[in-house]
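Colleague: Sequence:
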Amino acid sequence: MKILIVYPPCRESSTPTLPLGLLYVAQPLIEDGHNVNFFDIALEKLSRNEVLAKIKSEKFDLMIVGGIITTYSYLKWLTNEVKNIYPDVPIMGGGFVATPIPHIIFKYTGIDIICNGEGDITVKEYVSALEDGRDISDVSGLFIKNGNTYIITSDRPLIKNLDVINSPVGAYKLLDIERYVVENGKQIQETLESHNSLDSYLGECRYFDILSGRGCVGRCTFCYRMVKGMRKHSVSYVIVHMKYLYDTYKINMFLFEDELFVDSEKWVDDFCAALKDSKMDVRFSISSRAILITEDLLEKLKSVGCVHIGVGFESGSQKMLDSMKKYTKIEHNYNAYRLLKKHSMILGAPTVQGLPGETKETLKDTLKFFNDCGVDNAAFYYATPYPNSEIYQYALKKGLTQDEDKYLEWISNSDASELKINLTKLSDTDLIYYHWLLAEALRRNRLKNELRNNAITNMDFYKFILKHYGVKMLYYTVLFKLVWNLKNAVELKNKRRCAV
0 MKILIVYPPC RESSTPTLPL GLLYVAQPLI EDGHNVNFFD IALEKLSRNE
50 VLAKIKSEKF DLMIVGGIIT TYSYLKWLTN EVKNIYPDVP IMGGGFVATP
100 IPHIIFKYTG IDIICNGEGD ITVKEYVSAL EDGRDISDVS GLFIKNGNTY
150 IITSDRPLIK NLDVINSPVG AYKLLDIERY VVENGKQIQE TLESHNSLDS
200 YLGECRYFDI LSGRGCVGRC TFCYRMVKGM RKHSVSYVIV HMKYLYDTYK
250 INMFLFEDEL FVDSEKWVDD FCAALKDSKM DVRFSISSRA ILITEDLLEK
300 LKSVGCVHIG VGFESGSQKM LDSMKKYTKI EHNYNAYRLL KKHSMILGAP
350 TVQGLPGETK ETLKDTLKFF NDCGVDNAAF YYATPYPNSE IYQYALKKGL
400 TQDEDKYLEW ISNSDASELK INLTKLSDTD LIYYHWLLAE ALRRNRLKNE
450 LRNNAITNMD FYKFILKHYG VKMLYYTVLF KLVWNLKNAV ELKNKRRCAV
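Using numbering that gives the first Met the number 0, the letters of the sequence shown map in sequence onto residues 0 to 499.
Treat the hints as calculated values from the structure; they're not laboratory data. The reader is advised that the hints may include incorrect statements.
Stated by the list, open to error - Straight-line C-alpha distance at most 30 Å; calculated BS3-like pairs for lysine-lysine:
1) Lys328 x Lys318
2) Lys424 x Lys359
3) Lys227 x Lys265
4) Lys447 x Lys299
Unchecked claim - Simulated restraints on C-beta separations:
5) Thr293 x Glu417: 22 to 30 Å
6) Glu49 x Glu330: 47 to 55 Å
7) Lys340 x Gly398: 39 to 47 Å
8) Ile158 x Glu264: 19 to 27 Å
9) Arg47 x Thr293: 45 to 53 Å
10) Lys172 x Glu203: 17 to 25 Å
11) Ser127 x Ser322: 40 to 48 Å
12) Gly398 x Ile158: 33 to 41 Å
13) Glu43 x Ala438: 29 to 37 Å
14) Arg337 x Ser263: 19 to 27 Å
15) Ser263 x Ser136: 33 to 41 Å
16) Thr14 x Glu49: 34 to 42 Å
Backbone N, C-alpha and C define an ideal beta-carbon position, used for all residues, glycine too.
Kindly generate the complete structure, drawing on both the sequences and the hints.
Modeller: Structural data, given as structure tokens:
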């Protein structure tokens with residue numbers, strides 16, 4: 000069977016990212032002897048007319064499409080156009096853009112079948128049934144369009160032993176891997192060099208995404224993860240995969256895209272030992288919960304090339320951490336930052352503002368946390384309800400997203416750095432203002448850290464800004480400090496007045 004797999008852009012102007020999920024879906028189809036072609040629209044940077052021209056030039060028996068929810072608008076347009084061109088060709092959808100919202104997908108898009116959950120085995124069995132002319136409703140893990148409604152087939156259990164899934168080495172050959180390596184590597188190299196984490200011996204950063212497991216132990220209210228629990232590949236599986244990429248594509252910087260890399264201390268110990276024995280000279284980036292960051296862990300990871308750890312601080316307010324079901328304490332975040340700084344490791348610290356219950360006081364707590372820690376590498380996001388998240392159900396219940404199709408169109412082609420919906424009792428202006436304050440605190444911390452001197456004077460700081468960023472930035476920095484000091488003075492005066 001001839002199968003076309005299409006990866007729509009999460010944002011039409013975005014840098015291409017490796018379509019890992021679809022590559023794992025493609026691998027068993029290749030192994031079964033199917034003729035599989037891959038079309039990454041973001042990588043090709045084609046206009047919509049050019050995309051349709053390419054689709055028309057292809058002849059295929061099945062089209063598979065998947066991605067994250069911000070691809071919704073593009074996927075809606077694309078699948079409806081394809082259905083007009085090839086009305087008899089089935090279109091299968093999957094991933095976060097389709098699985099959580101079958102009622103929307105079947106009503107507004109050209110998709111006929113949705114993979115309900117992990118696609119590795121489900122898609123393979125569906126294609127086999129389609130090719131043999133068997134009843135596809137016997138295949139577990141599907142939503143099947145049926146007129147104005149849809150059929151749900153039996154549940155597909157999660158794959159317990161992930162090692163039964165072959166790494167997508169055959170699927171890599173469907174793509175121009177070098178373009179992903181180079182385009183993403185340039186961005187990562189700039190970050191690493193700015194933190195002196197990419198030594199000259201390593202040379203050019205050749206960057207690649209990889210997985211060591213699936214799932215997460217967390218239950219954060221803003222997360223749209225579809226499966227519960229945590230499963231890991233064996234250490235040997237991961238090392239063999241890395242070695243293949245190291246030897247074949249000369250990859251020397253791995254980004255583990257796991258939602259949570261650090262889970263089992265023993266697994267991490269075994270991984271570090273195996274990576275050391277492999278003799279690969281590589282660097283890598285991982286994710287962890289703050290509560291799991293320890294001195295011993297960082298020493299082991301750094302010794303085998305770990306240079307970056309993403310830790311979801313999320314907020315500097317204990318009230319908000321509890322509200323979002325983060326199950327961590329502010330003290331854990333402080334300790335994680337202190338240890339990462341001590342070991343000169345880059346911290347990536349995503350945070351989320353604007354969840355239900357957020358107030359000016361909780362936002363001030365977050366600002367204080369960043370000022371106290373001196374965090375200089377973070378991402379600030381607004382709480383955005385995505386399908387399958389707890390806050391999406393909250394928004395539906397409150398009537399904030401009455402027309403789901405229009406809402407999903409609204410949040411498409413964007414990310415959570417843009418305020419799309421306000422779940423708090425604060426004004427949009429207040430939320431945006433504190434978001435800006437956090438960004439300014441981050442900028443100031445970054446400038447301070449660049450000076451490499453913890454005892455700098457204000458005059459040193461201003462001279463540095465003038466030299467490297469110009470008069471305009473100096474003006475805004477001084478103005479911001481004056482306004483901030485005035486604001487603090489007024490608040491202090493009011494507190495003293497209340498005390499009297």
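Colleague: Against this structure, judge whether each hint is valid.
Modeller: Verification of the supplied hints:
| no. | hint | result |
| --- | --- | --- |
| 1 | Lys328 x Lys318 | holds, 10 Å |
| 2 | Lys424 x Lys359 | holds, 10 Å |
| 3 | Lys227 x Lys265 | holds, 22 Å |
| 4 | Lys447 x Lys299 | holds, 29 Å |
| 5 | Thr293 x Glu417: 22 to 30 Å | violated, 36 Å |
| 6 | Glu49 x Glu330: 47 to 55 Å | holds, 53 Å |
| 7 | Lys340 x Gly398: 39 to 47 Å | holds, 45 Å |
| 8 | Ile158 x Glu264: 19 to 27 Å | holds, 24 Å |
| 9 | Arg47 x Thr293: 45 to 53 Å | holds, 50 Å |
| 10 | Lys172 x Glu203: 17 to 25 Å | holds, 23 Å |
| 11 | Ser127 x Ser322: 40 to 48 Å | holds, 46 Å |
| 12 | Gly398 x Ile158: 33 to 41 Å | holds, 39 Å |
| 13 | Glu43 x Ala438: 29 to 37 Å | holds, 33 Å |
| 14 | Arg337 x Ser263: 19 to 27 Å | holds, 24 Å |
| 15 | Ser263 x Ser136: 33 to 41 Å | holds, 39 Å |
| 16 | Thr14 x Glu49: 34 to 42 Å | violated, 19 Å |
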